[in-house]
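In order, the protein sequence lines correspond to chains A, B and C. Residue numbering for the first sequence follows our numbering, beginning at 296 and increasing consecutively. Residue numbering for the second sequence follows our numbering, beginning at 114 and increasing consecutively. Residue numbering for the third sequence follows our numbering, beginning at 57 and increasing consecutively.
Treat the hints with caution; some may be incorrect.
[Stated by the list, open to error] Keeping only pairs whose Cα atoms sit at most 25 Å apart, straight-line, the calculated BS3-like set for lysine-lysine is:
id	chain 1	residue 1	chain 2	residue 2
1	B	852	B	744
2	A	456	C	184
3	B	429	B	386
4	C	98	B	823
5	B	143	C	110
6	B	143	B	634
7	C	275	A	456
8	B	852	B	290
No wet-lab data here; the hints were simulated from the structure.
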Amino acid sequence: MANKEPNIGIVKDGKVRRFTKAGIAAHWVHTVTFLTLLLTGLSIYVPATTWIGNLFGGIQNARIIHRVVAIPYALFALVLLLVGSRQQMKEWLKVAFTWKKEDFIFSAKYIVTEFMGRHGDLPEADFINSGEKVNSILTVGTLFTLTISGFVMWFPETFPKWAVRLAYPIHDLSWLFMTSMLLVHMYLSLIHPKMRTALKGMTTGWVDEEFAKSHYPKWYRRVTGKDA
Amino acid sequence: MTNHYIDLKNTDCALIIGSNAAENHPMSFKWLTEAREKRGAKIIHVDPRYTRTSALADIYAPLRSGTDIAFIGGLIKYVLDNELYHRDYVVNYTNATFLVNPEFGFDDGLFTGYNPQSRKYDTKSWAYQKNADGSYKRDMTMQDPNCVFQILKRHYSRYDVDTVCKITGTPKDVYLKVAETFCATGAPDKTGTIMYAMGTTQHTVGTENVRSYALLQLLLGNTGRPGGGVNALRGESNVQGSTDMALLQHILPGYLSSPVATEKHATLADYLKNETPASGYWTNKPKFMVSLLKAFWGPAATKENDFCYDYLPKKKPGVYYDHIGLFEAVYEGHIKGMFLWGQNPVVGGPDALKEAKAMENLDWLVAVDLWETESASFWKRPGANPADIKTEVFFLPAAASFEKEGSISNSGRWVQWRWKALEPKGDSKPDLWIIHNLYKKIAKLHEGSTDPKDKIITDLFWDYGNGEEPDIDKVAREINGYDFITGKQLPLFSKLKDDGTTCSGNWIYCGMYPEEGNLTKRRNTTDSGGMGNYLEWAWSWPANRRIIYNRCSADPNGQPWAEDKAAIWWDEAKGQWVGYDVPDFGKTKAPYAPGGQDAFIMRPEGVGCIYSARAEGPLPEHYEPWETPTKNILSSVDLNPAVKVWNTPMNAKGNSSRFPYVGTTYRVSEHWQTGGMTRNLPWLAELIPYMYAEIGEDLAAEKGIKNGQKIIVSSARGEIEVYALVTKRMKALEVNGKKVHQVGLPWCFGFSGIVTGATANNLTPHIGDANTNIPEYKAFLVDIRGVE
Amino acid sequence: MAKTLFIDTSKCMACRGCEVACKNWNDLAADIRPFNGSYQTKEGFATQTYTIVKMNEVEEADGIRWIFGKRQCMHCTEAACMMVCPKNAIQRSPEGAIYVDRDLCIGCGYCVQNCPFGVPKVDNNTHKMSKCDMCVSRIENGLTPACSKTCPTGAIQFGEREDMLRAAQVRLAQVRKRFPRATIYGNEEAGGTVLYILTEDPAVYGLPPHGTQVPWQVKFWQYLARPVGNVAVGASVLLLLVATWFNFVQKPPKETGAHVEGGVK
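Isolated chain A (complex conformation):
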């Protein structure tokens, strides 16, 4: 990277910098690894999806790929953020783990209004809204639970039997929770008529100022110093 990349919150040509390159990379590395793990995992775990394993060259290859991909899944996104963009990480995680009463109100109202294509009178969001906070927490949380439980399952002889046996339900519960969240996340970014354009933010790193003002007014004000 020759030029120092612009900081988060920089406004330029009517767009606001929202994601750093490292942040974007982390998102997509995580997406690709998780989806690979999900598909291979499904082929291992669900009777009706043995065919998915064939896409990976058979179930035994799928089992190997599941283990191989588990390594970048467990490490790369975090490393990218840690090494590539502490700022992005701080911005994201600090907001994600800060919860106030209005966050609950946001989520409750959002689901029945905006999500269903109607206008809602919602509390103002910061860098991410409370729905995204849930997604973020689950993503980070299951990264840890899936990684740890998966590691124990991978090397069962090195761990006590009780721990190995406990790893299975933890792994199971984790992917199921993450997947249920992922479905909503993907729906919004890929299908939802009003939200899908937000995908641009995660491809270019920039969002329209208008969009930022309306969706993340608190954040917009905080990082730009401008009025929303």
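Once you've looked at the hints, dock chains B and C against the given chain A.
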């Protein structure tokens, strides 16, 4: 077995001594388990090693290998002292009441009449006293100092518990428990069985070991009764059959003595005169012998030519034709050719290293076996240079038992027909096919010969079909025997004649194939009386009797001693013996008729012999093994005075200062004999895949040996490298104030097969029993040391 | 219908005929291990070893004892292996035999880790689990399992569950006279498809203690974790269906305000 396997279920107490029944005769435990479950029977195991049999026993008594007579002698004294013997039985059915020559005596380990030069006894002084009419003198009160009962008392008075335990190393409390438990079967309504095997016989005192059991069983009134008897668990599934058929040097089929080249056996008349007793069922011996000769030489055997008696090979007096004697002769170069028919001496023979070496002197060797055994490949054994060995070796692949038809005689004398389950593999052929075609080829070679000695071959009556395939049915028919005039099968040996009109290949099997068919094929499971005799299942010799001497199962008046111990009884109304077994007695001979209480019909005396002449005496006496860690404390005679001592290179002797531990060989469930079969079958090979020596924890600690490490076990004959199996089950014994360790060695390993290992018999001595010359595999001296 | 394999350890003499018969019927390869200083040459189950006889030397006040006990699959009526198998490859026959359908098995090994008796083993080359199937091919044809067929002493019996249970209770009373510590094992622990009379503590035979049940983790997994997870995914799907209805079928009113595009990701 005097009884049979299923009959074990009728016992109140099983004394297993010199046998590892659970491991080597597992089926016996089916019935012992039932006896325990249904009757509350006790199981006692007496053995140098704590084995899987001990694990199943109620009482385990350790003893030093080779001290059975001391152990049993103590029990005899216990029975006599406590008057636990079955008095009515002893008085009426044994020779306890018989008077013996007053000159008979015993002093310091020797009976009267011993000649130290020849190492043989003159048995004249051992004879019974007889009345003028030739009948035996008896004292029914058993008080006469010359009666067998009193002699017995005197003889075993030295076998007190403390002395016995000093010899055997058995803890005294355990010994007394055994005595109390087993001797309780002297009660008339109880029976106890003694089960033994090669742990009993493979000693320099092997025969007398068995005799001591027989003696105890007679005293306790256990022989000839359900749940009783002296029961040899034979070492192979059909070894009973091979013994009956005389695959042995000292007998002809049906336990007729092999003729010897002396005046006593010069002609058939001489042989019959000297071999036929004056009384008892053996008075019929001429009929058996002539019928046997007729089976051998058929039409060629006539009264005029002594029924071809001269064709029988005669043994030279003083020459040993048994395994040890043969290999000594091979070693000396006297024997030039050898057939090994399912035999593997390079693993199974005593002093096996030397036996393998001896085989190098052979010009030719024919090995007939399922696999190429160590003996078939002795010329390429480790340490041998094939280029130096001139022996021409032929290997004939043999069919396994499932690949051929024929009969099997089990330990209980049941002759059971088996059918072929599958075709032999490759070129392998049934033994019968091999011998049949071998004979045909040999006969063809001698066809037309005018040399008189070839007539032994050309006159042979080989009536088993003319094709390449022998007709096994004809073999079975001839073994049973038939009438040459009528052409009909004989119903029983009582129909055999000595005039040459009948033949029988083995008189004791006469009755197995009467006119109505081959009875060994019967599979009827009717069991009258629930005693387990199954009289219509196959056929047992003699005469389908399941318990021999079963006249003893009834009291002198002909009634069962106890309801649940009934075999046969006298039915006055019918005027005959009836019951759940075929009477081993004259069917219509009433108890009150003359001889009506002579329960042992094969004996000239008509009774069971507590006192009976063997090579080393008429009563079993304890002697130490050839190699012993101690001295004989009962007399100054250490070794059985009548054994043949081979002062040859094959029998190096070790002493206890150089070789302090008692070695003993044995088999395990998982392997069969030399392992020739089992070490070539993966599923069996994997079960015990390594040769090991079993040693106790204290010996291992003394020697700094760890479980699983390699050790060297050595004897005066050789040394072997094996794994150490250190176990709590092998305990040092306190023998004559000295701690004696024992080392257990399975003898099933050799250098061929899927799994291989050192051969235990490289350590065993080349010396045998005084009567049978069976090698002393079970007690010898060894040393051990760890391998770095 | 339900059958039971009843093993009376007081009658076992460790002849190991059952081990051989098992390999014979199931055509399993031999497995030769390094010398381990014991008659029990197989320390545990293996992919080609479905049954073993445990042999233990125990020193007691009145001398040494050698204790034998045949081990194989317990064919639990509530079988942890079946519960955790993701491919439903582990199945139960009408007789109660738990067997593996090798076509469905993917060798994931969940059963290996969750069996309280340590029975299933996975072959790392074929990726198939294998274990004792109570000779299901024999018993569904009216034969007894190979081990039971070959046992010389009657230590391994096979029959109707009620009959075997009754026999075990009768036998226990007898056995206790010789072995006061004897117990029945397998009925409460695994539902009684395999019943034992143990003369000693289960640990002597390498068995888990009396009262052993399906591991709590497996129950937590099957009865709580998975249903909750499934509900979560189901709820998501439902939510998205509803949202699709509102967004695409029943079109929302035209927006006029600031919210033009974008939204929650």
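Each hint, compared with the structure:
no.	hint	verdict
1	B:852 / B:744	holds, 14 Å
2	A:456 / C:184	holds, 21 Å
3	B:429 / B:386	holds, 20 Å
4	C:98 / B:823	holds, 20 Å
5	B:143 / C:110	holds, 20 Å
6	B:143 / B:634	holds, 23 Å
7	C:275 / A:456	holds, 15 Å
8	B:852 / B:290	holds, 23 Å
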